[in-house]
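4 protein chains.
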Amino acid sequence: MSQAHKLSAEQAHERLAAMPAWTLADDALSMARSYQFADFSAAFAFMTQVALAAEKANHHPEWFNVYNRVDVRLTTHDAGGLTERDLALAAVAEAAARALGGA
Amino acid sequence: MSQAHKLSAEQAHERLAAMPAWTLADDALSMARSYQFADFSAAFAFMTQVALAAEKANHHPEWFNVYNRVDVRLTTHDAGGLTERDLALAAVAEAAARALGGA
Amino acid sequence: MSQAHKLSAEQAHERLAAMPAWTLADDALSMARSYQFADFSAAFAFMTQVALAAEKANHHPEWFNVYNRVDVRLTTHDAGGLTERDLALAAVAEAAARALGGA
Amino acid sequence: MSQAHKLSAEQAHERLAAMPAWTLADDALSMARSYQFADFSAAFAFMTQVALAAEKANHHPEWFNVYNRVDVRLTTHDAGGLTERDLALAAVAEAAARALGGA
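Residue numbers (the working numbering), protein chains in the order written: chain A, 1 to 103; chain B, 1 to 103; chain C, 1 to 103; chain D, 1 to 103.
The set of hints was computed from the structure by calculation and includes no laboratory data.
Do not rely on the hints blindly, as some may be mistaken.
A pair holds if it fits inside one copy or across any two, identical chains being indistinguishable in the list.
[To be verified] Derived EDC-like pairs (lysine to aspartate or glutamate); straight-line CA-CA distance at most 20 angstroms: (1) 56 - 39; (2) 56 - 27; (3) 56 - 26; (4) 56 - 84; (5) 6 - 71; (6) 6 - 78; (7) 56 - 14; (8) 56 - 10; (9) 6 - 84; (10) 6 - 39; (11) 6 - 26.
Model, not experiment: these values are computed from the prediction.
Isolated chain A (complex conformation) (with noise of 0.2 angstroms):
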């Protein structure tokens, strides 16, 4: 399905553009972004919403906690690289730390 159509290297950066707080990686084939929360309550509170959305979609994250920070990699590795599936489980991850004063 198209979601799950890898984007080329031009689109990757496109799309990343606008989504400054995110770092595409050198090969274009990842993003990665990394939060900051005021503590671990919050950090988990965050991860349980992501991961009530990536269940959903079944698209799940790499991602690394250590007390109040969260360091989140998104990939489709169906599709070897970045699909839409990353850009719409990035937007779910965004609206959640925004809610719960991550930056």
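Once you've looked at the hints, dock chains B, C and D against the given chain A.
Only chains B, C and D this time, still in chain A's reference frame:
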């Protein structure tokens, strides 16, 4: 300890007067409020934050959830009524709900 | 869709006969069961697993929790009664509870 | 307090010898283990249980998750190495993982 000292009915009425969204039970032994969120994801993120605080304090709510609604009831079983522990957990719930758009 | 087709009272009785821990409501429009876990942590881990499955299926439980107890009630509001969606979520709950020591 | 007393390299080796699934870092200042679960739901339920225990103890893991895999690394920043707090959280993680089918 003083934290688990049961509030008198008069004390409970005074304390709850400052929290108009919460309802004091007729017997002044418990307090309750209902929250509405945008969706289940926000409701469950709220529950996760309250769960973390509850486990930390070893003081847990009685709560009911259906979709975007969470009904919370607080009392201190050991004290047979309301205590500062309930007010502390209510404050956590209020802060978490505010962040997550609960009303 | 057929998943949201309401079960007749007869069908509901037949299906629930194989799930003795669940109680069919007198009107055969909902099913309920109560779980007991070792502690709040196990109860909330159970709720998290059911929440993930519920969000994925866009079909959510009505549930009440106090400490180590979780009361679950399932019905399909759109269909005005029990459907296969409730039985599917009940199966998820049973599996999660079994893993987490719920009884 | 003694709980936050840093274990010597010798002590760390002795304690970790009884936990063969965990790896002691070369500098003996942290311990790590990777868990595999059946799916993301079980992995995230595991993380929820560990999160509750971590918040209760005010001692949090460093962890990475992708789908059904959770890599946990434990150290006590305040003590500059491993302490009993890490071993206690490791025990919680082991129990939660065992219940949820992690290996």
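Hints versus structure:
no. : hint    : result
1   : 56 - 39 : between (26 angstroms within a copy, 13 angstroms between copies)
2   : 56 - 27 : neither (28 angstroms within a copy, 32 angstroms between copies)
3   : 56 - 26 : neither (29 angstroms within a copy, 33 angstroms between copies)
4   : 56 - 84 : both (15 angstroms within a copy, 19 angstroms between copies)
5   : 6 - 71  : neither (23 angstroms within a copy, 28 angstroms between copies)
6   : 6 - 78  : within (9 angstroms within a copy, 37 angstroms between copies)
7   : 56 - 14 : neither (27 angstroms within a copy, 31 angstroms between copies)
8   : 56 - 10 : neither (29 angstroms within a copy, 33 angstroms between copies)
9   : 6 - 84  : within (8 angstroms within a copy, 36 angstroms between copies)
10  : 6 - 39  : neither (36 angstroms within a copy, 25 angstroms between copies)
11  : 6 - 26  : within (16 angstroms within a copy, 40 angstroms between copies)
The structure does not agree with the numbered hints 2, 3, 5, 7, 8, 10 stated previously, though it agrees with the rest.
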